[in-house]
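A.B. asks: If you read the sequences in order, they're chains D and C. Taking the numbering used here, the leading residue of the first sequence gets 1, the next gets one more, and so forth. Taking the numbering used here, the leading residue of the second sequence gets 301, the next gets one more, and so forth.
Partial list, derived from the structure: chain C residues whose beta carbon lies under 7 angstroms from chain D:
#1 Val308
#2 Glu387
#3 Arg390
#4 Ser391
Derived list of chain D stretches under chain C, where covered just means 3 residues or more per stretch with a C-beta under 8 angstroms from a C-beta of chain C:
#5 48-54
#6 86-93
To be clear, the hints were calculated from the coordinates, so they are not data collected in a lab. By construction, the Cβ of each residue, glycine as well, lies at the ideal position given by its N, Cα and C atoms.
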Amino acid sequence: MIEVEGLRKAFGGRPVLDGVDLHVPRGRMLALLGPNGAGKTTAVRIMATLLRPDGGDVRIGGHDVIRDAARVRRVIGLTGQQVALDAVLTGHENLVMMGRLFGLGTKAARRRAGELLERFDLTEAASRPVKTYSGGMKRRLDLSISLVTSPPVLFLDEPTTGLDPRGRSEVWDVVRGLLADGTSILLTTQYLDEADQLADRVAVISDGRIVAEGTADELKQAVGSERLELAFAGPEVVRRAQRVVDGVAAGRGISVPVEGAKDIKQVLDRLDEAAIDVAGIALAKPTLDDVFLTLTGGLR
Amino acid sequence: MIATDSLVLSGRTVRHILRNPDQAMTAVFLPVALMLMFRFVFGGAIDTGSTSYIDYVVAGIIAISITFNSTATVVGVAQDMTEGVVERFRSMPMSAVAVLTGHVAGAVARNLLSMLVMIAVGLGIGFRPVAGVLGWLAALGILLLFMIAISWLAAILGLLAKSVEGAGGLGMVLVFVPYLSSAFVPPETMVNGLRQFCEHQPVTPVVDSVRALLLDLPVGSSAWLALAWWAGILAVTAPMAGVLFRRRTRR
Numbered sequence: 001m002i003e004v005e006g007l008r009k010a011f012g013g014r015p016v017l018d019g020v021d022l023h024v025p026r027g028r029m030l031a032l033l034g035p036n037g038a039g040k041t042t043a044v045r046i047m048a049t050l051l052r053p054d055g056g057d058v059r060i061g062g063h064d065v066i067r068d069a070a071r072v073r074r075v076i077g078l079t080g081q082q083v084a085l086d087a088v089l090t091g092h093e094n095l096v097m098m099g100r101l102f103g104l105g106t107k108a109a110r111r112r113a114g115e116l117l118e119r120f121d122l123t124e125a126a127s128r129p130v131k132t133y134s135g136g137m138k139r140r141l142d143l144s145i146s147l148v149t150s151p152p153v154l155f156l157d158e159p160t161t162g163l164d165p166r167g168r169s170e171v172w173d174v175v176r177g178l179l180a181d182g183t184s185i186l187l188t189t190q191y192l193d194e195a196d197q198l199a200d201r202v203a204v205i206s207d208g209r210i211v212a213e214g215t216a217d218e219l220k221q222a223v224g225s226e227r228l229e230l231a232f233a234g235p236e237v238v239r240r241a242q243r244v245v246d247g248v249a250a251g252r253g254i255s256v257p258v259e260g261a262k263d264i265k266q267v268l269d270r271l272d273e274a275a276i277d278v279a280g281i282a283l284a285k286p287t288l289d290d291v292f293l294t295l296t297g298g299l300r
Numbered sequence: 301m302i303a304t305d306s307l308v309l310s311g312r313t314v315r316h317i318l319r320n321p322d323q324a325m326t327a328v329f330l331p332v333a334l335m336l337m338f339r340f341v342f343g344g345a346i347d348t349g350s351t352s353y354i355d356y357v358v359a360g361i362i363a364i365s366i367t368f369n370s371t372a373t374v375v376g377v378a379q380d381m382t383e384g385v386v387e388r389f390r391s392m393p394m395s396a397v398a399v400l401t402g403h404v405a406g407a408v409a410r411n412l413l414s415m416l417v418m419i420a421v422g423l424g425i426g427f428r429p430v431a432g433v434l435g436w437l438a439a440l441g442i443l444l445l446f447m448i449a450i451s452w453l454a455a456i457l458g459l460l461a462k463s464v465e466g467a468g469g470l471g472m473v474l475v476f477v478p479y480l481s482s483a484f485v486p487p488e489t490m491v492n493g494l495r496q497f498c499e500h501q502p503v504t505p506v507v508d509s510v511r512a513l514l515l516d517l518p519v520g521s522s523a524w525l526a527l528a529w530w531a532g533i534l535a536v537t538a539p540m541a542g543v544l545f546r547r548r549t550r551r
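All chains, please: the whole structure from these sequences, using the hints.
C.D. replies: Spelled out as structure tokens, the structure:
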């Protein structure tokens, strides 16, 4: 449903997207994973007809985003990084207004608003102004608006940015439901665990290029499910430690991918055998930096 | 399609007015307070010849209130441009420029409301219009054109503003220009230079013609001048707002 080939876009001579290929079959979800400034939002804005590409071929639901922008707009839903809601209006009014703007009659728009509010568990809050909503509720309402016309293709640009863990899991539940309904989804995120939770496939984008693509498991195997962060007294010790353990050095520390307690013990044993003192230990989830450092061979 | 979209979005602006106490304040209480102040505080010191001061000043206050209200349009447009809602509209099978027409239509509704209240209060404190139906309709027509053109001008300022706070400042331009007109004081009493500016700036024929029409005085060329000025301004501002909107959203 989403076919992107060789997509290029530059702003003021600086390439932001430099030959990006993406494919999302019907009913599947691809997570586009990358840090701020990697080009995720630019890619989404081009796919959603908001921005013209400089080069490449972008087809959504079989329609070209430049020649057939109007057709593309009929098959997509977009939830941007910022919620696109009217804070003064109630949840119900927001949905009805958007339904009308999508071309529904007043009655149909009201009926659809009622359905969506119920589905997104917002019926109780329906007649309250949106400014009284929690972050998670706003996101859910925002998502529901992009679903007014049940579009077969959905773009979710960092849909959980700024949400607390509870808000995130609320949004995740909704997204899983959509996937079960056969919607094709492209999601952008900065969080590896979000991609892992939701997507069939993950494409890692860095400086406008796709640097890795695969299932979440494939990526995680490369990175390890957890990182052991070791701190040492100084750079000399770090260099010695690097000869013993297999990790990425950063400043006075080394970050080692580990899988469970056995791995941790093994790493510490090796350092002990080499008589290297460890100044500090912490266990962390792999960050995007770890993914990049591992996937791009420490080039960043 | 743009007509339906504009209608839906002007409904949104109207809801904003009704639910936002600040906006209602600006739209209704401020012009009324201004009218009371000029009638009872300054009015006695201003010589308007054979016309009573309240009769003289109502047309001026209406014109001022229209430019005053337009600051809400400047801020509203700026707000929409900095928030995500316009992005969404552009990704939808609708006419995104309807955001602007919606704001303009909403502004007209707001102005009509504040005008109604002002005239009612004016009647209560001695305003005695003697116009017939035609006179009222002609005055209303001129004011409608004025409101619409000013609202597009306000939309342009909203599109030019870099932030919502900045938009509030830009809007003040629209608020102060009409003070330098025949709205409160006959320009004949002013010093040379200022007097010429006040006599020839576009708000003056609006005020003069509406005042003359409502009081059944000789209208002279003021009505045609008002129509020519503001139809001309509208013919420039509305398309220009569309161009600015497209430029701003296609980054």
